[in-house]
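Trainee: Let the hints inform the model, and build the full structure from the sequences given.
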Amino acid sequence: MGRRSYSGEKRRKELGRKAKQEAKRQKRLARKQAEPEGSPEGPEPSAPPEPSQSS
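Numbering-wise (the numbering used here), the sequence shown opens with residue 1 and increments by one.
Source of the hints: derived by calculation from the structure; they are not laboratory data.
All values reported here derive from a predicted model rather than from experimental measurement.
Incorrect hints may have been included.
The list that follows gives simulated cross-link-like pairs (lysine-lysine, DSS-like), each with its CA atoms no further than 25 Å apart [to be verified]:
| # | residue 1 | residue 2 |
| --- | --- | --- |
| 1 | K13 | K24 |
| 2 | K13 | K32 |
| 3 | K20 | K10 |
| 4 | K20 | K32 |
| 5 | K10 | K32 |
| 6 | K32 | K18 |
Here are the computed distance ranges between Cβ atoms for each label pair [unchecked claim]:
| # | residue 1 | residue 2 | range |
| --- | --- | --- | --- |
| 7 | L29 | E9 | 35 to 43 Å |
| 8 | Y6 | A34 | 37 to 45 Å |
| 9 | K32 | R12 | 25 to 33 Å |
| 10 | Y6 | Q26 | 38 to 46 Å |
| 11 | K27 | S7 | 27 to 35 Å |
| 12 | K10 | A30 | 25 to 33 Å |
| 13 | E14 | A34 | 38 to 46 Å |
| 14 | K13 | Q33 | 40 to 48 Å |
| 15 | R31 | R11 | 26 to 34 Å |
| 16 | G8 | R28 | 28 to 36 Å |
Cβ coordinates follow ideal geometry from the N, Cα and C atoms, glycine included.
Mentor: Right, here's the structure in full:
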C-alpha cells in the first residue's frame with residue numbers, strides 16, 4: 001500500500017527541500033538589502049557557517 005505513495009512522498013520531500021533553500025536565499029537577500037554594507041554588527045553575526053561538505 002505504501003509503495004504507491006512513494007513517488008509522491010519523494011516529490012513532496014524534494015519540493016520541501018527546494019522551498020526551504022529558496023526561503024533561506026530570500027531571507028539572506030532581504031538581510032543584505034536591509035542592512036547597509038558597513039553595518040556595525042557585521043554580516044550575520046549569530047548565523048552559523050553553512051556546512052559545505054561534512055559527511
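Trainee: Which earlier hints can't be squared with this structure?
Mentor: 2, 5, 7, 10, 13 and 14
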